[in-house]
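S.K.: One letter stands for each residue in the lines below.
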Amino acid sequence: GAVVSQHPSWVICKSGTSVKIECRSLDFQATTMFWYRQFPKQSLMLMATSNEGSKATYEQGVEKDKFLINHASLTLSTLTVTSAHPEDSSFYICSARDPRAGDEQYFGPGTRLTVT
Amino acid sequence: GENVEQHPSTLSVQEGDSAVIKCTYSDSASNYFPWYKQELGKRPQLIIDIRSNVGEKKDQRIAVTLNKTAKHFSLHITETQPEDSAVYFCAAERGTSYGKLTFGQGTILTVHP
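Protein chains in written order, with the numbering used here: chain V, 1 to 116; chain G, 1 to 113.
It is worth saying that the hints were derived from the structure and are not from the lab. The beta carbon of each residue, even a glycine, is placed where N, CA and C say it ideally should be. Warning: the hint list may mix true and false statements.
In silico DSS-like links for lysine-lysine, alpha-carbon gap of 30 Å or less [as the list claims (entries may be wrong)]: (1) V/LYS66 to G/LYS58; (2) V/LYS20 to V/LYS64; (3) G/LYS42 to V/LYS20; (4) G/LYS42 to V/LYS55; (5) V/LYS20 to G/LYS22; (6) G/LYS58 to V/LYS41; (7) G/LYS100 to G/LYS68; (8) G/LYS42 to V/LYS14; (9) V/LYS20 to G/LYS68; (10) V/LYS55 to G/LYS100; (11) V/LYS66 to V/LYS41; (12) G/LYS22 to V/LYS64; (13) V/LYS66 to G/LYS68.
Derived list of chain G stretches under chain V, where covered just means 3 residues or more per stretch with a C-beta under 8 Å from a C-beta of chain V [what the hints assert, rightly or not]: (14) 11-21; (15) 34-42; (16) 60-69.
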């Protein structure tokens, strides 16, 4: 199946700093990618939809100025958590759909963010 | 928006028994329903999916049934094995939003040897 990678796999940062997470589709082009957040022992919650060449769309309750999304190419989307706080500590997972492969979504391995 | 409810939250079975997890959804326009298995700290792995034009789908020990009228779908695992122990999530793709998944709350499945 298609492969989606994320970098870094884990990151620790100080409160008030910004962190950038990359999501790449390695063997297919993705005009749309999705960013999810998963708190410990909870489900995945869609945060935003990343659209290549246009603005991301955010789910209700997600601050667009805090979670900046850039989808500059057909294989790369980035999520920047700005002015991170301890409550932003979570598992961030991206996904993308391979247009050649029907409905299945391919998830990245996730990024564990810890804000101290 | 879409709401997906999943039950039970925990399920404990003996090896060889069957396990059933149920989900309901609210968006009648939803057409795609995947099931994922997630191990601790790992990405969700698709184990089976179904589209709304099909009532049942089976892949070896795993099957999914869909009742679109009642807006519920279920995961059935037969002959469970200890390696089936994980968290299972159902999801529904929003009917009017390409690729956007709403996940259920998850079920922690434990298979005792």
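S.K.: Against each hint, give a clear statement of whether it holds in the structure.
M.R.: Hints and how they fare:
no. : hint                : verdict
1   : V/LYS66 to G/LYS58  : violated, 43 Å
2   : V/LYS20 to V/LYS64  : holds, 14 Å
3   : G/LYS42 to V/LYS20  : holds, 20 Å
4   : G/LYS42 to V/LYS55  : holds, 29 Å
5   : V/LYS20 to G/LYS22  : violated, 37 Å
6   : G/LYS58 to V/LYS41  : holds, 29 Å
7   : G/LYS100 to G/LYS68 : holds, 19 Å
8   : G/LYS42 to V/LYS14  : holds, 24 Å
9   : V/LYS20 to G/LYS68  : violated, 41 Å
10  : V/LYS55 to G/LYS100 : holds, 16 Å
11  : V/LYS66 to V/LYS41  : holds, 24 Å
12  : G/LYS22 to V/LYS64  : violated, 34 Å
13  : V/LYS66 to G/LYS68  : violated, 38 Å
14  : 11-21               : violated (count 0)
15  : 34-42               : holds (count 3)
16  : 60-69               : violated (count 0)
When held up to the earlier numbered hints, the structure conflicts with 1, 5, 9, 12, 13, 14, 16 and fits the remainder.
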